[in-house]
Every structure is written in structure tokens, then in C-alpha cells.
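Residue numbers (this note's numbering), protein chains in the order written: chain A, 156 to 609; chain B, 3 to 540.
By construction, these hints were calculated from the structure, which means they are not laboratory data. Some hints here could point you the wrong way.
[Said to hold, decoys possible] Dumping the calculated DMTMM-like pairs for lysine to aspartate or glutamate here, alpha-carbon to alpha-carbon at most 25 Å:
| id | chain 1 | residue 1 | chain 2 | residue 2 |
| --- | --- | --- | --- | --- |
| 1 | B | LYS525 | A | GLU204 |
| 2 | A | LYS354 | B | ASP148 |
| 3 | A | LYS562 | B | ASP148 |
| 4 | A | LYS217 | B | ASP148 |
| 5 | B | LYS165 | A | ASP192 |
| 6 | B | LYS131 | A | GLU581 |
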Amino acid sequence: MRYLPLQPEDREAMLGVIGASSVDDLFVDVPAAARLDGPIRDLPMHQSEQAVERQLTALARKNQAAGDQPFFLGAGAYRHHVPASVDHIIQRGEFLTSYTPYQPEIAQGTLQALFEFQTQVARLFGCDVANASMYDGSTACWEAIVMARRITKRGKAILSGGLHPHYVSVCKTMARFTGDVLETSLPSLEGSAEKEMAKLIAAVDTETSCVVVQNPGILGRIADLSELAAACHAKGALLVAVVTEPVSLGLIKSPGEMGADIVVGEGQSIGVGLNFGGPYVGLFACADKHVRQMPGRLAGETVDAAGQRGFVLTLSTREQHIRREKATSNICTNSGLCALAFTVHMTLLGEKGLRDLATLNHALAVEAAEVLTKVPGVELVSDSFFNEFTLRLPKEARPVVRHMAEKGVLGGVSLGRLYPGVEALEKGLVVAVTETTTQDDVQALAAALEEALA
Amino acid sequence: MTVNPSGWRPEAPTNDIDAAPATFTGNRALMLEEALLFEIGSIDRTGVDLDMHRIPAQAGTQSSAGTGHPPARVNESLLRTAPIGLPGLSEPEAVRHYTRLSRQNYGIDLGFFPLGSCTMKHNPRLNEKMARLPGFADLHPLTPVDGTQGALALIHLVGEWLKTLTGMPAIAMSPKAGAHGELCGLLAIRAAHEAGGDARKTILVPESAHGTNPATAAFAGYAVESIPATAEGRVDLDALKAKLSTDVAGVMITNPNTCGLFERDMIAIADAIHAVGAYLYCDGANFNAIVGSVRPGDLGVDAMHINLHKTFSTPHGGGGPGSGPVVFSAALAPFAPLPFVEQHGEKFVLVEEETAREEHHEKAFGRMAAFHGQMGMFVRAAAYMMSHGADGLRQVSEDAVLSANYILRSLEDLLDAPFAASGPCMHEALFSDDGMAPGFSTLDIAKGLIDEGFHPMTMYFPLVVHGAMLIEPTETESKAALDQFIGALRSVAERAKAGDPVLKAAPIHAPRRRLDETAAARKPVLVYKDKPLAAAAE
Chain A
156 MRYLPLQPED
166 REAMLGVIGA
176 SSVDDLFVDV
186 PAAARLDGPI
196 RDLPMHQSEQ
206 AVERQLTALA
216 RKNQAAGDQP
226 FFLGAGAYRH
236 HVPASVDHII
246 QRGEFLTSYT
256 PYQPEIAQGT
266 LQALFEFQTQ
276 VARLFGCDVA
286 NASMYDGSTA
296 CWEAIVMARR
306 ITKRGKAILS
316 GGLHPHYVSV
326 CKTMARFTGD
336 VLETSLPSLE
346 GSAEKEMAKL
356 IAAVDTETSC
366 VVVQNPGILG
376 RIADLSELAA
386 ACHAKGALLV
396 AVVTEPVSLG
406 LIKSPGEMGA
416 DIVVGEGQSI
426 GVGLNFGGPY
436 VGLFACADKH
446 VRQMPGRLAG
456 ETVDAAGQRG
466 FVLTLSTREQ
476 HIRREKATSN
486 ICTNSGLCAL
496 AFTVHMTLLG
506 EKGLRDLATL
516 NHALAVEAAE
526 VLTKVPGVEL
536 VSDSFFNEFT
546 LRLPKEARPV
556 VRHMAEKGVL
566 GGVSLGRLYP
576 GVEALEKGLV
586 VAVTETTTQD
596 DVQALAAALE
606 EALA
Chain B
3 MTVNPSGWRP
13 EAPTNDIDAA
23 PATFTGNRAL
33 MLEEALLFEI
43 GSIDRTGVDL
53 DMHRIPAQAG
63 TQSSAGTGHP
73 PARVNESLLR
83 TAPIGLPGLS
93 EPEAVRHYTR
103 LSRQNYGIDL
113 GFFPLGSCTM
123 KHNPRLNEKM
133 ARLPGFADLH
143 PLTPVDGTQG
153 ALALIHLVGE
163 WLKTLTGMPA
173 IAMSPKAGAH
183 GELCGLLAIR
193 AAHEAGGDAR
203 KTILVPESAH
213 GTNPATAAFA
223 GYAVESIPAT
233 AEGRVDLDAL
243 KAKLSTDVAG
253 VMITNPNTCG
263 LFERDMIAIA
273 DAIHAVGAYL
283 YCDGANFNAI
293 VGSVRPGDLG
303 VDAMHINLHK
313 TFSTPHGGGG
323 PGSGPVVFSA
333 ALAPFAPLPF
343 VEQHGEKFVL
353 VEEETAREEH
363 HEKAFGRMAA
373 FHGQMGMFVR
383 AAAYMMSHGA
393 DGLRQVSEDA
403 VLSANYILRS
413 LEDLLDAPFA
423 ASGPCMHEAL
433 FSDDGMAPGF
443 STLDIAKGLI
453 DEGFHPMTMY
463 FPLVVHGAML
473 IEPTETESKA
483 ALDQFIGALR
493 SVAERAKAGD
503 PVLKAAPIHA
513 PRRRLDETAA
523 ARKPVLVYKD
533 KPLAAAAE
């Protein structure tokens, strides 16, 4: 078997040193009734690399990969072009096959890259500090709510209607068990970012631990968070901002600049790829004064015994392996390699590249919105947007999306998929446009929409 | 000027690295120093060419946000005009920067990585190739379900393998890592009790458990109580029974446990737990010891997470991403979280919030993450399982256990092995620092091993053993590699016993000497603070 180096004669020799007659002797502590007498039945035996490749390739072919047709899906996961060198770097064995850097003398590569990642995320979000990553945006969102509870010692969080419904769902699941109170609402096709902010400002009170707001929101709208931040602070609450499309921050003000106390996000857009939903990389940043309440790992600068600069994992007294049940979170393994991919991609972009990428995404989205709103009966819902906007169709969007998919156009995410059973939203279609979208793609979508709506 | 009268090269230099003259660069041949991105990059430099000509108004110009062409759908007051401070590099510079950093890392590809509890086995490259197939890697999670049948089939396939390997009837695939899997298991336990109107408050955890166990129990809203170990390193069944009551929701047991031993009384433990209406959660971090040889379902387990990044060879990546699917007993199966995949005839269905009721899963406790789990890891794990098959996986656990016992018996004469007398270990060998010279401990041995070219074992865990050294060889090391490690560890341990002062300075051959962790925590520097941004742009 190609992955197992021990040869029969090695096993014999090793058993001899151990003083056992067979490997069965090493399993004596397993109750006899539970020790299997041979390979598990109902599973195939070992196979060649070629045979495995053939079967998995066949499964992969049964999917509508984004690049195979005009593609406009977003809603929390975005298709961007990832430079080839990103994948090359993350496949280097020294990064791919290393572990959490518990032995810093031989993990400076990972640690320095994480320090760069933390700095990039903090600057992108307009915050003082960022951690070394979380699982994804949705779990980072819940961790931010828990952190706000710890800081404010209050148990009520207000979730904006613009927050991704799956993030809301994750928070509701957790809150059911932790006893946190969540005030949630639905987005509205008739509303606007300003109305949503006004609603949240009216809702925040002295019981509120935090207000959680996604920017741009699930319908694509961009809000000015400054007044909301001030309103939160006036009531002793924190503002938690969620960013599901970090590329947007090359064009629009960061939540930190607008007064958010904790900023979390999904970093998938930069470097990671779609991957059918995972692995992704959760981003988590906050103000310096809250750093000891942060979840997750942190890389920090120090010096070695010879006085040279180096990096270590630090402030681990917050973490589960030291504090156990008193830890700030139970997270252990995070998204290290995806964080590296994010950092390499961000380094290749640089500030100029990020700003240009954001400008390009926005311009192409604006252009696409103009084309699509010329389709009879189709209206633009989002008055402001970055690279994703919501259209109101003259009929229920979900069957339209399915119909277009069958015709070879992945035309967006219907709000019916995201908010099943909510009639007021069923005509909404969320359309994402990135640098990977061509004009032909947009024309194909316009034609497919027109055909489906006819 | 000295003359070399022989005309031939001078004597070979000494081996003493401290006597070596400093180089101009600070580099030492292949050991290359590398500055931070923020010290070498600039905000105007980029390694990406974008098709900016596609913006009609900006064709042929360098113009960008805030320079007189306000984008149409963003309020001008919300444009990001202040510098962000994100330096870039050209592609050759970026590739060199991160390649140089990579060379300051130890990885399995480079050598033996016996980090106990982490199962650092070889990561097959077929896995990487398969995970990058566009049908998996370039697939959006919200693609209409008919266009994702291959992906759902794969998730289902991995789930079926894991259910069969564990002998458990149900599985949740969405947890993102081991600790997230633990959370999943405990939430299912809570949901099950709450469904019966039974609000239990306490989770019992052995004192030898991974830190994630008590942290997860607290995160799930439980109080945590610890249960002691016996002198031979196993759960004290009598002490456990004494703590069991109808207030106990569940007990988290790691089996094989963190001392590297199989919990012989597992079935009796399960019976006792079930007798008070509580559930048995098994931390599956150590599943590599028993995969293909023992099914946890035969031991009375109600829920167990499986770290795909341990047993099933998905890469650790410097700290993740992981993947932590959870298998469930019939009692907990109805409470498993959303979403999940079901097979209906030829078709695979994604059961989400809206379909849970009609699919008779109305008891599902909710959603744990935005999408369907770590698809990229599922593909890798599938490639691994299919490659090994039932026969290969059984050989995996047998070789892993054989290798650990070989290490245990090859070192127990020199190092204190607190539980060696009680019988064989499973897939990891545990030693203490008993017998070291005054002032010498596990840390010194670990750092000495670094100089010998090995990644150290897990240090100071489990907490129940003084100066613990937990060595997990896995099944992917040759006997020659094991023998070399044994030889190196014996040498380093002898130095620690003899009080060799040079060992206190180890590592001396690594990219860095011992790093000052106290200073790092006292005054944390967590992000790069640079000179004014304008200067960085120059």
C-alpha cells in the first residue's frame, strides 16, 4: 500500500523489540466484543491512485462549476480570479504540512505570515488588531456577539435585517442554547440603507450588548455606519460590523473608520475560492482595548535569545488549551492555510491592486445593472451597491433561477432560496458581478431572464 | 595578510556556529533572513494586472476611486479616500518572499513530526489534486441543487464511509473543525434533553482531556466538572459513577485517551452514563489508533467528532483548515444539525431549514455554519479513504499502534514512562520529565530535538503527567525514520539527565534561538506599526 512504509519484516522486528507475538497483543485493552476480526465489510478494498482519480473526477463532472457558464452567484461567497502563484505558495510542503506553530523556532514562516495577515486584516477593516483567523464569517459573527456580551456584560444583541440569513441562523442556533437574546428582522425590498440604520438606531438601548450590521448588506446596499456607531456608544453598546465581501473595502470606507468596535468577515473572496462553501477563512478584528477578550490565536512579535526579531503565538491565556472552561472561545484549529492564501493574494494585489480590483468590480456591476434593468419588468432594488445588487422580478425568482440554470446560466441567488416562505421577498434576485464576469455573460443573463420571464 | 603556503585550501572551519563570522546579509547560505512585507513592499506596487481597460470612462488612465470619477452607486461620502496601508509586491518578489518564509518552517514533507494528539501523517498529493478539480473547487455553495449532484454525492459518500467506520447510524458533516464538532455533539445532547423537558446543567470531563472539551462545554452553556484518572492513566470508573446524577447531561471521554491508552472500561462507562439518562460524547481526536479495527458505535458512544485533518490526512496547513464531522447514535440522530445530504433514489437532496420539516427532521437543532461544511476537506478525505480501503485503514491503525509501542519500548529504559507497566499503549507513547538533571525539563529535550532535525513531540500535555512528552509517530514513518528518532531522543535525553549546559541553549541550528514568549505577552505587538504611510510609499 503506497502510503504505508512499514514492510512485513519491519513489523516482525518491531514486534520483537516490543515483546509481542502479534499486533493483536497491542489491542488487548479493547473489549473482545468490540475488536473487529478483519477489514470492515461493506467498504471497498484499497485502490490505485488512478482508480481513485477516475471516480472522483466523474463526481466532479456532475457539478455546474462556476467557470463553465455565465455566473452571477454571490450572497456570501464570491468568485474572483486568484493568481496562480497563490496556489503555488500554499502548496509548498513547509506551509501545507506544518502544524499550529507551537514550536516557534521552526515555525517562523507560518508565524510571520500570520503576523502579516493580522496586519493586513486590521488595516483593511480599519481596526487596531486582528486575530490569526476563524473558521468562516458566520462563526466569526457569533464569536463577536459572545465577545460583546463579555465586554458589556449584557445579553441582548440586535441583528440587522441586512445580515446574511445563514449568519442569522447560526447565531439563532447558538443563542437558543446560551440564553443570549437576539432581536432579528428581515430585509425589505422597499427599504433603504438609511431606513435600516434609522431602525437600528431607534432599537438600541441600555440592555443592548451590540448591534450587528453587515455592510454591504445581503441585498447589496451600502450604509454609513457612523451615526449607528455613535448611537451604540451612547447607550454603552458595541457596534459589530460584518463584511462578507472584503474586496468592497478597496472602494468603500471600512467599518472601523465609521466607528465599529468589532469587525468580522468572510475572507473567502481573497485567495480562497468557492469550494462549495468551505474551507473559508473568518476574519476578526477589534480595537486594542478589547484584545484580551478576543477569541482565537494571535501571533505576536518578540525577540529570540540572540536578540533577533521573531514571532510567537501569544496571549494564549485567553485560549482553551490554557484556560479550559474559562477560555474566550473553544476554537483550536482555525483556517491557517486559507489565511495564508488571503495574505499572498493581498500581497500580490497591494493597495493599488485592491483599489483597482474594487473599482473594476463596481464599474462592471453598475454596467450589468443597467443592462439587466432594461429587461421588461425587472427593477433595481438596491439604490447603492458595490458588486452585488438585488433585482425585483415581475414573478417569483426561485423558479426563474432554476429555469435559467437548466439553460446554462447561473443567474444569481433568489431571495426565495435564502428566505424560504417569505412572500415579500420572493421576487428578489441577488446578482453578483466581479472581474470574472464578461459582457457576454451579462448579455446571456439578460437574454435568459427575458426568456424566463416571458 | 596571511598566506596559505601550501597553495591548497585551508583547514576546514570549525563546527562551532557561534564562532562563525557574521555575514553581511545576516543570511547563512540556504538559511535566508526575510523582512516583513511592510518593510519591503509599497502601496503602489502590484503583482496583479487587471483588465482596467474594461472601464470605459477610465480607459488608458491610472485613475481610481476618489479622483474625480465617483462610481455611480456608492455615495461619495462613503468612498475610501484615506490610505489603507496595504503594501504590494510584484509576483517575483511575492513568490520569493513567501518561499523564503516557507523555508523557516518544519513540515511533514521535511521530516518526522511526532506531535502527540495531532496525528501528523503524510498528506497524499492525490488529495490536493482532487480537491482542485473545478467541479469541486469552483462550485458555489448556493448553486441550484440539480447542478451540485456530484458534490452532494461526494458529501454523502464521505458520510457513509465515516458511519460505517464508526458503526454509527447518523452523521453531521458541517462542523468546521474538531472543536466545532465537539460543540455540535454537545448541542445535539442539549437539544435531546430539552426535547424531553429535561434541562440538565453539567458536563463531566476527565482531567486529562483536551482543553477544547471543557471550553466547548462552557461555550454550549454547560457547567463543567472534572473526573479524576486512576494511577494507571484511565478514567476512574468509581469516581465517575459518584459524580453521575440526573443533572449530568453528558460525559466527554477521549478514547483512546490522551495518555495514549484505550479506556478498557468504555462499555461499563457508557452503561453507567446511560443509566442516569446522560449521553456519552467521545472525542475522536485519537481515532487513528482504532480506525478500521474498532467501531466506537460498539462501545456505546452517542456522539463523536472525527478530525479529517488527523485520521484522514487532510493537511494541517499551519493550523487549519480542519474538518470535524460528527457521528451520532440513533438516540441523538434526530437532533443532528442542518444542512445535510440525503439520498432519495438516484438523487441527492440538501436538507435545509425549509425542507427539514417535510423530510421529518423537524428536531434538527439548527445551523452551525453558513454553508455545508469543509467541502475541500471532504474531497481530500474521500481520496484518502478510497485509496486505503477497508483493508488499508485497518493496517493504518495497526501500524500506528505498532510504531508507538516500538517507541515506548525503545525508550522506557531511559525515560520515565508512567503508564508503561499497565500494558501496551495505543497510537502514542507518553513519557514524563522525571529523572532529568535539576533545572532540565521537557522543554530542553524538545529544543534539543529541533537541533537534531525533528519536530518535537507534544509538550506538557496531558496535564496529568509531569513534564509530559506525548509522542505520536503515525503509520507513515519507516522503521529507519523511527530508529533515527529513537537514537536522537536517547542522545538528547542523556544530555538532559547529565545536565549538559549546551542543551539549555538549544536550538542553535534553527532559524531562531529560543523566543521570549513572556515579553511577547507582556507588551503585545500584534500588527506591524510602520513609519507614516507616506514614507512607506516612497
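Tested hints:
1. A hinted pair counts as satisfied when its Cα atoms are at most 25 Å apart, and LYS525/B with GLU204/A does not qualify at roughly 51 Å.
2. Of the pairs offered as hints, the one joining LYS354/A and ASP148/B is violated, with about 39 Å between alpha carbons and a cut-off of 25 Å exceeded.
3. With a C-alpha separation of about 12 Å, the suggested pair LYS562/A and ASP148/B falls inside the 25 Å cut-off, and the hint holds.
4. Using a Cα cut-off of 25 Å, the hinted pair LYS217/A and ASP148/B holds, with the two alpha carbons roughly 9 Å apart.
5. Restraint check for LYS165/B and ASP192/A: the C-alpha separation of about 18 Å stays at or below 25 Å, so the hint holds.
6. The hinted pair formed by LYS131/B and GLU581/A fails the criterion: a straight-line CA distance of about 40 Å is larger than 25 Å.
Consistency with the previously given hints fails for numbers 1, 2, 6, ordered from lowest to highest.
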